[in-house]
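J.: Listed below, chain by chain, are the residues.
There are 2 protein chains.
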Amino acid sequence: MTVKQLSLPELVDACRDLGVPAVGLWREPVQAYGVEAAAKLVRDAGLTVTTLCRGGFLTAIDLAERAAALADNRRAVDEAAALGTDTLVLVSGGLPAGSKDLRGARERIADALAELGPYAEEHGVRLAIEPLHPMYASDRCVVSTLAQALDLAERFPARQVGVTVDTYHVWWDDTAPAQIARAGAQDRIHAFQLADWTTPLPEGVLNGRGQIGDGSVDMREWQGYVEAAGYTGAIEVELFNDVLWARDGRELLAETARRFVEHTA
Amino acid sequence: MTVKQLSLPELVDACRDLGVPAVGLWREPVQAYGVEAAAKLVRDAGLTVTTLCRGGFLTAIDLAERAAALADNRRAVDEAAALGTDTLVLVSGGLPAGSKDLRGARERIADALAELGPYAEEHGVRLAIEPLHPMYASDRCVVSTLAQALDLAERFPARQVGVTVDTYHVWWDDTAPAQIARAGAQDRIHAFQLADWTTPLPEGVLNGRGQIGDGSVDMREWQGYVEAAGYTGAIEVELFNDVLWARDGRELLAETARRFVEHTA
Chain A
1 MTVKQLSLPE LVDACRDLGV PAVGLWREPV QAYGVEAAAK LVRDAGLTVT
51 TLCRGGFLTA IDLAERAAAL ADNRRAVDEA AALGTDTLVL VSGGLPAGSK
101 DLRGARERIA DALAELGPYA EEHGVRLAIE PLHPMYASDR CVVSTLAQAL
151 DLAERFPARQ VGVTVDTYHV WWDDTAPAQI ARAGAQDRIH AFQLADWTTP
201 LPEGVLNGRG QIGDGSVDMR EWQGYVEAAG YTGAIEVELF NDVLWARDGR
251 ELLAETARRF VEHTA
Chain B
1 MTVKQLSLPE LVDACRDLGV PAVGLWREPV QAYGVEAAAK LVRDAGLTVT
51 TLCRGGFLTA IDLAERAAAL ADNRRAVDEA AALGTDTLVL VSGGLPAGSK
101 DLRGARERIA DALAELGPYA EEHGVRLAIE PLHPMYASDR CVVSTLAQAL
151 DLAERFPARQ VGVTVDTYHV WWDDTAPAQI ARAGAQDRIH AFQLADWTTP
201 LPEGVLNGRG QIGDGSVDMR EWQGYVEAAG YTGAIEVELF NDVLWARDGR
251 ELLAETARRF VEHTA
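Residue numbers (full-length UniProt numbering), protein chains in the order written: chain A, 1 to 265; chain B, 1 to 265.
Since the hints were made in silico from the structure, they are not lab data. One or more hints might be untrue.
[As the list claims (entries may be wrong)] Listed next, the in silico DSS-like pairs over lysine-lysine satisfying Cα-Cα at most 30 Å (straight line):
#: 1; chain 1: A; residue 1: Lys4; chain 2: A; residue 2: Lys40
#: 2; chain 1: B; residue 1: Lys40; chain 2: B; residue 2: Lys4
#: 3; chain 1: A; residue 1: Lys100; chain 2: B; residue 2: Lys4
#: 4; chain 1: B; residue 1: Lys100; chain 2: A; residue 2: Lys4
[As the list claims (entries may be wrong)] With the Cβ distance kept under 8 Å, some of the chain B side facing chain A (calculated, not the full set):
#: 5; residue: His133
#: 6; residue: Met135
#: 7; residue: Leu201
#: 8; residue: Glu203
#: 9; residue: Ser216
Nothing here was measured: the structure is a model prediction, and the numbers come from that model. Glycine is no exception: its CB is placed at the ideal position from the N, C-alpha and C atoms.
The following block holds chain A by itself, in its conformation from the complex (with noise of 0.2 Å):
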C-alpha cells in the first residue's frame, strides 16, 4: 500500500531490484490481479509475503451484515494462506450508523474472532488485531490501544489471535511499552508496521501517514520495544500518504529503503 501507484509485478520488479526481501501485501490488488496468479508471482520472485491486509469490519449489529464481513474474514484467512503468510491483519471496525455503543462494538469483535480464529487456525494463519489511532473509534476501528486489541486477544489462544503494532497508531501512548511486553510475553506480537506521525493531518485524517523520518517517531525505540518482547518477524513500514502516492512509485519505494535502513537498528 506504501507503493500503491505501481501494479504488483512492478511491485515485485522494485523489491528485486532493492533487495527488499518481503512484502505485506493488500486484498483489493492481490483480488483484482487474481489470488493465485499473485501468488505465483510473488513465490517466483522469492519475495516472502510478511501480511495480508486486512480482514476485520466486524461491529455491525444486523445480522445479514455480520454474517456477511464473516464470510468475507474466511475468504480473506482462505487469500493469506494462498499467499503463503500466516498472518491476517484485523481492522475491527467502526461504530454502526447511530450507535454510540463502544462497548457493544468491542464485544461483537470477540463474538466474531470466536468464529475466525479455529478457521483461520485450521488454515494456518494467524488474527492479528490492529488497534487504530483514536481518531478512527467511531468510523474505522473501535480498538484504539494495544490494552484493548490485547483484552481481546487474550480471550483465545495466541496462535488464533494476538495483535499489530504499528507505530502511527500507538505512538503517543504512554502505556503501549507495558502493552507490548505483555503481548510478546503471550508471543501475540502478530505484526510490527512503521510509519511517521506528521501534520497537518489531511481532510479525513486517512492518507497523512507519514515517510520514516519525517515525523515525530522515534522508530528505533518502537523497535527496541518489541524486539525487547522477543518479536524477530519482518517490520513492515506501511504509508497511505496521497503526496507519497503522486510520486514516482520506485522512487517512493527505493527512499522508503533509504530511510528504514536510516532509522531502524
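We have chain A already, so just place chain B on it with the hints.
T.: For chain B alone, coordinates are given in the frame of chain A:
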C-alpha cells in the same frame, strides 16, 4: 468560542435572552475587549464566568521561550482572577520542533506547574490540565489521556492543579471512567466540557468539534461519570467548528442550548 462570531456584548445579550447563566471565556476576545471591561460586562449582566481558556504551552526547551510561557501563564491567572473565575484551563503544548521526546515534554510541564501552581493559588485560581485527543499529541498537547493529566496533577495540591474532562478528547478511552473516579476522589475535576465526535474530520483536525447530539458521544453517560465522581460544577459546551461558525451566532447559541437540554440530565 462556540459562538466566536458574536462579540462579547452580543454574547452577553444572547446568554441573557436564552437564560444561559454562565459562560466560559477565551483569552483572545477578552484581551481585545479589555480584561476589566469584559469583567464588568459579564458582572453587570449577572453572568458567571465558568473558566478562562487557556493557559499552557509549557513544553518549550529554549529557556527564553520557557520564561515567556511562564510569564504569559501568570498573566492568564491574573485575567482569570479579574474575570471572577476560579479555573484556568491549560492546553499543555506539543513537541518542540525536531523533538520526538514525549516523556521529556511532559516533565517540562511538571516543572512549569511547580512555578505556576503556587502563583495561581495566591490569586484564587486553579489550573485545570486538559488532556487533548491523541491526534494533537505532536503539535498541540503532549498530554493525551486523563491518566497522564492526573499523573501530572497529583504532584501538586488539588487546590492548585486539577484536570479538565472534555468528552471530545476522552470519549474513545475505556480507561477514562476510572480516571474520572480517581480525579473526583481527589477533588481534581476542575472543569467539564461537552462536544460531540463527528466525522469526517476537517484538514488540520482543529475545527471539527461536533454539535451536541450530532455524533458518537453519549453525553448523559459522561455526565453520569463526573457527577458520580462528585462533580457539581458547571457543564460547558465548547464547539470549534468552521461550519457552525459560519452560521448566525444567536441562532447557533439557541440551538446549542436546546441540544444541551435534550442530551444532558
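J.: Run every hint past the structure and note whether it holds.
T.: Structure-based check of all given hints:
1. A:Lys4 <-> A:Lys40: 19 Å, holds
2. B:Lys40 <-> B:Lys4: Holds: Lys40 (chain B) and Lys4 (chain B) sit about 19 Å apart, inside 30 Å.
3. A:Lys100 <-> B:Lys4: It holds: about 29 Å lies between the C-alpha atoms, which stays within 30 Å.
4. B:Lys100 <-> A:Lys4: Measuring from Cα to Cα gives roughly 29 Å; hence the hint holds.
5. His133: 7 Å, holds
6. Met135: Constraint on Met135 (chain B) satisfied, holds at 4 Å.
7. Leu201: Constraint on Leu201 (chain B) satisfied, holds at 5 Å.
8. Glu203: Nearest chain A Cβ about 4 Å off; hint holds.
9. Ser216: 4 Å, holds
Hint check: no violations occur; every hint is consistent with the structure.
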